[in-house]
Structure formats: C-alpha cells, structure tokens
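Chemist: Listed here are the chains, written in short residue letters.
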Amino acid sequence: MTSILKSFNLKTKAYCDVINITEQVQQLIINSEINIGIVNVHNAGSTGAISTVEYEPGLVKHDIKDLFEKLIPYDKNYAHHKTWHDNNGAGHLRSFLVKSSQTFPFRHKKLILGTWQQIIFLECNEKSRSRTIHCTIMGE
Amino acid sequence: MTSILKSFNLKTKAYCDVINITEQVQQLIINSEINIGIVNVHNAGSTGAISTVEYEPGLVKHDIKDLFEKLIPYDKNYAHHKTWHDNNGAGHLRSFLVKSSQTFPFRHKKLILGTWQQIIFLECNEKSRSRTIHCTIMGE
Amino acid sequence: MTSILKSFNLKTKAYCDVINITEQVQQLIINSEINIGIVNVHNAGSTGAISTVEYEPGLVKHDIKDLFEKLIPYDKNYAHHKTWHDNNGAGHLRSFLVKSSQTFPFRHKKLILGTWQQIIFLECNEKSRSRTIHCTIMGE
Numbered sequence: 001m002t003s004i005l006k007s008f009n010l011k012t013k014a015y016c017d018v019i020n021i022t023e024q025v026q027q028l029i030i031n032s033e034i035n036i037g038i039v040n041v042h043n044a045g046s047t048g049a050i051s052t053v054e055y056e057p058g059l060v061k062h063d064i065k066d067l068f069e070k071l072i073p074y075d076k077n078y079a080h081h082k083t084w085h086d087n088n089g090a091g092h093l094r095s096f097l098v099k100s101s102q103t104f105p106f107r108h109k110k111l112i113l114g115t116w117q118q119i120i121f122l123e124c125n126e127k128s129r130s131r132t133i134h135c136t137i138m139g140e
Numbered sequence: 001m002t003s004i005l006k007s008f009n010l011k012t013k014a015y016c017d018v019i020n021i022t023e024q025v026q027q028l029i030i031n032s033e034i035n036i037g038i039v040n041v042h043n044a045g046s047t048g049a050i051s052t053v054e055y056e057p058g059l060v061k062h063d064i065k066d067l068f069e070k071l072i073p074y075d076k077n078y079a080h081h082k083t084w085h086d087n088n089g090a091g092h093l094r095s096f097l098v099k100s101s102q103t104f105p106f107r108h109k110k111l112i113l114g115t116w117q118q119i120i121f122l123e124c125n126e127k128s129r130s131r132t133i134h135c136t137i138m139g140e
Numbered sequence: 001m002t003s004i005l006k007s008f009n010l011k012t013k014a015y016c017d018v019i020n021i022t023e024q025v026q027q028l029i030i031n032s033e034i035n036i037g038i039v040n041v042h043n044a045g046s047t048g049a050i051s052t053v054e055y056e057p058g059l060v061k062h063d064i065k066d067l068f069e070k071l072i073p074y075d076k077n078y079a080h081h082k083t084w085h086d087n088n089g090a091g092h093l094r095s096f097l098v099k100s101s102q103t104f105p106f107r108h109k110k111l112i113l114g115t116w117q118q119i120i121f122l123e124c125n126e127k128s129r130s131r132t133i134h135c136t137i138m139g140e
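Protein chains in written order, with my numbering: chain A, 1 to 140; chain B, 1 to 140; chain C, 1 to 140.
A few of these clues could be false.
No copy is singled out in the list; a pair is fine if it fits within one copy or between any two copies.
Claimed, not checked - Taking lysine to aspartate or glutamate and the DMTMM-like style, the derived pairs with C-alpha atoms no more than 25 Å apart in a straight line are:
# : residue 1 : residue 2
1 : Lys-82    : Glu-56
2 : Lys-82    : Glu-126
3 : Lys-82    : Glu-33
4 : Lys-76    : Glu-56
In short, the hints are calculated from the structure, not lab data.
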C-alpha cells in the first residue's frame with residue numbers, strides 16, 4: 001500500500017457557490033500509481049465544505065441556496081460577528097454542519113460515484129475566495 | 001498494511017427508509033484478513049446517505065422522518081423538479097446534507113461503536129430502490 | 001505504510017458542549033511514527049459528533065447552540081422518549097445529522113487545517129458525559 005497527498009486550487013464566488021470538483025479529484029487519482037483505494041478530499045478552512053450532489057442548475061443555483069437561507073440565513077446577527085466585527089457567522093455554521101472533508105472509494109483508478117453524483121466544494125463565505133483542496137490518495 | 005473493497009446490496013423502501021447495515025459491514029471485516037484499521041462505507045448515488053443512529057422505532061420510524069420533513073420537506077416545488085420533471089429534489093438535498101459516506105475504526109475485527117450506535121443507510125429517494133454499499137477496509 | 005489506533009478521554013458538559021480537541025489529535029500524530037497521511041477521529045456513541053469550527057466564544061457558546069435549538073430543539077416530545085422513557089431524542093438526532101466521525105489529512109506530522117479551523121467534539125446529550133475519542137492514524 002502507498003499514500004500520496006496532492007492538492008489543487010479553486011477560485012470561488014461569494015455566498016453559496018457550488019463548484020464541481022469531480023474531474024480534479026479523478027485526475028489526481030489517474031496521475032497517481034494507485035489503482036484501488038480511498039481518497040480523502042479536504043478543505044483547510046472554516047467557511048467551506050465538501051459533499052456530493054447532482055450538479056444541475058436547479059439544485060446548484062437555487063435549491064441548495066434556498067435550503068441554507070432557511071436553515072442558516074446570511075442576514076442574521078450572529079454572536080460570531082461581535083467577536084471579530086465581521087459578517088460571516090452563517091458561513092462558519094454552514095461549514096460546521098456540512099463539514100470540511102469527505103472520503104470516497106475508487107477502483108481501476110475510477111471514483112465510485114452514482115451516475116448523477118458529483119463531488120462538490122461549497123463556498124460558505126460571504127466573500128469570494130481562493131481555496132486549496134487537499135486530496136490524500138491511499139491504496140494499492 | 002492491506003486494503004480490500006467489498007460491497008453488498010440493499011432493497012429500500014421509498015421516503016426516508018432507515019436501514020441498519022451494521023451487521024453487513026461487520027461481517028465484511030470478519031471475512032477480511034484485516035484485524036485493525038478503518039472501513040469507509042459509501043453509497044454511490046445522489047439520493048442516499050450514511051450515518052449512525054440508535055436503531056429503535058421511535059427514532060427510525062418517526063423522529064428522523066419528522067426532522068427531515070421540517071428541514072427539507074418532500075412536498076415542495078424544488079427548482080430541481082424543473083430540470084428533470086421528476087419529484088426528488090428533497091431526496092437530493094437530504095443526501096447532500098447527511099452525505100453519502102462515513103469512515104469508522106475497528107480493532108480485533110470489531111467495529112468501534114457505542115452500545116446504542118448502529119451504522120445506517122438512509123434512503124432519501126421518493127421511490128424504493130436497489131442500493132449497493134461499497135466498503136473499503138484498510139489496515140493490518 | 002502503517003496504521004495505529006490511539007484514544008483519549010474527555011469530560012463533557014450537558015447540552016451542546018463544544019470542546020476543542022485539535023491539540024489532542026495533533027499530539028497523537030506527533031507521538032506516532034507517521035509523517036504524512038490521514039487521521040480518522042471517531043466517537044463511539046450515538047449522542048456525540050465530530051466536526052470543525054472556529055473555536056471562538058460567539059460560535060461555540062451561542063451560535064451553534066442557537067442553530068441546534070432551531071433545527072432540533074431539546075424541549076420537544078420526540079418519539080424516542082417513549083421507547084426508553086428518557087429525554088435525549090434531540091441528542092440522538094443532532095449526532096445523526098453531524099455524524100460521529102471525520103477524517104483529516106496531515107503532513108510533516110502537522111494537521112492540515114485552516115488558520116481559524118479547529119477540530120471539535122460536540123456533546124449532544126442532555127447529561128454531562130465521559131467520552132473516548134478514537135484516532136486511527138494511517139500513512140507513512
């Protein structure tokens with residue numbers, strides 16, 4: 001067994017940008033010497049998150065935004081804002097709930113995902129950001 | 001260290017079926033040659049999810065359903081429905097929130113879980129489905 | 001590649017205690033012989049959870065509590081209460097939603113986290129508890 005750590009960068013838009021990162025993760029697996037195993041996909045940051053979703057405009061541009069506006073609205077006076085006099089309490093809470101990493105299996109160098117399932121990075125911050133996604137590929 | 005990928009199948013019921021898969025995952029570990037390590041449990045699909053819960057009827061038949069009906073109700077006109085003219089926007093959002101995989105430790109070939117903690121598959125789709133759960137077992 | 005399992009204990013307070021466990025996880029990595037890889041952080045229990053958050057008083061003492069009181073309030077008559085005649089339905093649902101484990105990458109024996117990102121254990125139970133956190137460190 002072997003293990004490698006690789007990363008790639010993203011430019012994100014503010015407020016609930018949903019970015020399809022499946023191809024970047026898949027390419028790192030192809031470039032590795034590992035045929036079967038797992039990949040841990042992680043964002044080092046407290047206002048981003050990793051999950052999967054069907055990457056189509058209804059969910060990506062509307063439904064995910066609407067869901068979070070209902071659960072954790074941006075326009076609310078969070079206690080976090082008093083600590084730093086910033087405005088990203090919602091971003092922290094969204095990232096806390098969805099979490100910054102997820103681990104996926106692959107075989108024959110191919111991610112095991114559903115036909116309609118893509119790996120996404122969720123920008124929770126209220127500013128556009130540069131993000132680094134770390135992928136640890138482990139297997140044989 | 002070594003790594004193996006095994007899978008098993010499930011038949012699920014529509015609308016928030018919660019299925020205890022602890023024994024299937026445990027059995028794959030017992031059948032492997034690995035005594036200590038981790039197991040990544042993953043559903044390849046965008047309307048299912050993996051988590052843990054105490055598998056008793058109150059939570060499984062009522063509370064989890066009620067929670068999701070409050071957060072992400074089935075009967076709502078999601079933007080996703082316009083893309084495909086289907087009706088499973090809630091299923092996608094529930095799966096996105098809980099996520100399609102989780103990773104657990106084991107030792108002496110036994111999953112390290114709480115007394116009241118079971119691994120579950122959550123069917124988020126509005127149709128009954130056949131599901132394949134992929135388990136990557138990694139360790140020594 | 002090699003893999004080790006280590007654990008540490010916590011004393012928690014009831015009702016949404018958020019505990020920064022970054023240093024304990026980091027120390028186990030330093031004490032291991034592994035320089036680069038992943039660590040799976042897991043709580044064996046159905047009323048606790050693992051995630052990350054910026055560990056500052058606004059989020060930790062107020063915003064996370066408020067979020068969960070909105071989504072999954074403690075003071076509600078959950079079906080779970082009828083099964084065991086206890087009072088921790090909310091604790092189970094919160095743990096189910098955030099989940100009991102998360103996996104993080106590290107290199108040069110250092111966790112790859114954002115500047116404002118700490119690993120936390122979330123006590124969801126309505127009683128104070130003794131908790132064991134299991135860390136599986138895997139890599140080279």
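Chemist: With reference to the structure, classify each hint as holding or not holding.
Modeler: Outcome of the hint check:
For the identical chains of this complex, Lys-82 and Glu-56 are inter-copy neighbours only, at 11 Å across copies versus 37 Å inside a copy, given an alpha-carbon limit of 25 Å. Taking the shortest Cα distances, Lys-82 and Glu-126 sit within 25 Å of each other inside one copy (16 Å), while across copies they are farther apart (28 Å). In the homo-oligomer, the alpha carbons of Lys-82 and Glu-33 never lie at most 25 Å apart, since the shortest distance is 49 Å inside one protomer and 42 Å across protomers. Proximity of Lys-76 to Glu-56 under the C-alpha cut-off of 25 Å is restricted to the inter-copy arrangement: shortest distance 18 Å between copies versus 29 Å within a copy.
Checked against the numbered hints given earlier, this structure breaks only hint 3.
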